[in-house]
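Listed below are the residues making up each chain.
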Amino acid sequence: MEVDLEQLYVDNSDKVYRFIYLLVRHKETAEDLTQDTFYKAIKNLNHFNNQSSVLTWLLKIARNVTYDHFRRKRIIQFFKWGNENDIDTQNLSPESTAEKNEDLTQLYAALSRLKNDYRDVLILRKVNECSIKETAFILGWTEAKVKTKMSRGFESLRKEFYGKEGFTDGSFKRV
Amino acid sequence: MDPSKEFDELFQEMQHSDRSDHARRNSWLKIQNKVSKKKRHIAPIFISVIMVAVACFLVFTLVNPNANTDNKLATEMAIEDNNKAAVTAVLKSEFTAPNEEFILIQKNLDKKADEIRESLPEGSGGFEIPADSPEWLAYEGLVEETYKPYFMDYMYDHLIPTNIAFSYHYELYHLDEEFQGEMKVSDIQVNKSENELTPKHYDFTAQVEYKNNAGEVSQHGIRGRAILSEEGKMGDFRIRDDGGLREKISEARGY
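Residue numbers (the numbering used here), protein chains in the order written: chain Y, 275 to 449; chain X, 428 to 682.
Same shape as in the complex, but just chain X (with noise of 0.2 angstroms):
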């Protein structure tokens, strides 16, 4: 028997499915309600920008302005500029590209991956990258080193499960290792939020330049917020437009 053809019979029995009609339906449900989710936020988002502009009505009327001392202004000032500092840092280094440190970490734990599998017994559960291997040492280091400074420690923890860290390296991370995109960020925008009753807020906007493999570039407009909990640490750190980077990177992989 031709050896390429050996196992062609049990192959064929892997063809068959055994997923439902109730899956089956409950997914494409989901997706249509995902997809159509952006048309929905068009109303929410303007009953927001309704609320805080009342808010800032009623702010705006009830604060008495002369409240604030010379001295106390420095200091809030100080303040925010450490909390503009952080968000910067934290921008700077997300969609900053190639990081090469953070290739070569991921390189690592892609070999690491690949040798316990093959080492499995039969009939194995699973496997885990040990939490002391240095593969993942490397990684929790980078981790920390890049952001432990500028988030409170609850969501410095949340970074790595959730996915926060190097969000984008990830999307330009390829498994292809010929791939390897460009990101260059420029004109970082950090303003306190006006509103007196969110002081904890910072908006920002900054400009990426994108350059695929083939040379072509794009730019992309960034927006989010992040909450300065306490000086210079962030509790929590939102991008809520990316102007298309993610979509434009998707597409540079060929989907």
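Excised from the complex, chain Y in its bound form (with noise of 0.2 angstroms):
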């Protein structure tokens, strides 16, 4: 099988570094996973037999590269999300845009006080679009796991997000 890899790299590479991203929340160590993401890609690219897109693929080893990383270290330190080049707020209205930064980074922030089950699954399905079925391929579950983790990780998510004591029946409440 013959691959452009440069052409694989362009392709997919800001994707599976933006997983990564909002997986460890610090530039240069997205940047480190990422290339040994590709370079473990380009090393078993004849192990890839298209049971999945080549994106699906790679997140699946990029999610597998970081856990790694994660586990290896007894130390995890998260850089906070408050630098405002991270937001594309070039369209907003000033008050609209400050509202905005808010909640953008109050939502990583409840993203990353979530159980890594329901923030992988949540990031897989909303931020980098992932189909149940290529969800189910990246964690190595089932799609029945995939909806129940998925159910439960936006049931989590709205509890960190509005505040425990905001949340009561379903109903919620911003503090």
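There's no promise every hint is true.
[What the hints assert, rightly or not] List time: in silico BS3-like cross-link candidates among lysine-lysine, alpha-carbon distance up to 30 angstroms:
| no. | chain 1 | residue 1 | chain 2 | residue 2 |
| --- | --- | --- | --- | --- |
| 1 | X | 539 | Y | 301 |
| 2 | Y | 423 | X | 432 |
| 3 | X | 519 | Y | 433 |
| 4 | X | 619 | Y | 301 |
Hints are computed from structural coordinates only; laboratory data are not their basis. The model shown is predicted, which means the values in this text are computed figures rather than measured ones.
Two chains, each in its own frame: build the complex with the hints.
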């Protein structure tokens, strides 16, 4: 199989980087792990058997590379999301920009406090826009498990986003 | 609004990457460099072989073979046996899996990390599993029990930070709980360097049988070198070639 490796990288590296970045929240580490992901992928390209799209396969590698990185460290350093360059706000009014920044920062923080399973499934489904089937492949789960975790993940996300006290009987209020 | 779409607008914002062109390009260059590294090693390996051969020739022509007494020889042989035993013990540990104690400890560490993460206050800058927590102490205890007798203190201190300890066990310990492969090691050969300029060097080889969860079995020749700085204590331990074992495990993981 003749593959243009550079094209493979150009087409997919931003999506892989973004996925890893949402897990590690540190640019340099995300960049290093993106390199590791592509290195492993290129080395094992002959094992890619088209049972998924290339991007799905890369995201599966990226997740394992990232968790291997976590697992081998006792100290996990987060970096705050406060960087305003992270947020594309060019088309928003100053008021809505500020509100959106605040919501986005809050969502990042809420995601970071979720269990790994919930966070991963939400990021893959909602940010990377993977289908249930693709998500199941990446996480090594059944499709039923993806749906269950997704539903519980949302519930946890809402609790974290609105604050535990602001979440009662399925109704939400901002705190 | 459908609750599952509640955050969609914000999730879409997360899709924007502020990764710079420079970082993107730089990463690609590093990947290319890493991929082509193997090829570039051919020349240095060839030069190294020539240098070792020349050094051996010089040593053999200069050394007086009558210098050793029988007693000295016996002592040296005993030291050599201890050195070989140390390398053998480490190879047996590294290439025998599953190690149930290791798996249990890792699961407990994962649980501990989850617990800490969930209890983090908003805006936390990170977290650490406390060095005095039972979960971490259990891991340190396992590394100490398994490896400390065989390593110099300075090397032992590097085993955890540099991922030398249980390196292949980490590869097997997968996110998906159902995944665990098996490794068996056999035919361990440890040979003292014949080069008298490097008397503390020991080259080793071993055969590792790896069985993945589907029951497929593969054989891998392991090759490496240890430096026995003191009797039975390694100051360095390197696997130079694992016969494709790590790649085989990656393959079993689905990539």
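Item to complete: Provide an ascending list of the numbers of those earlier hints which the structure does not satisfy.
Response: Failing hints, ascending: 3, 4.
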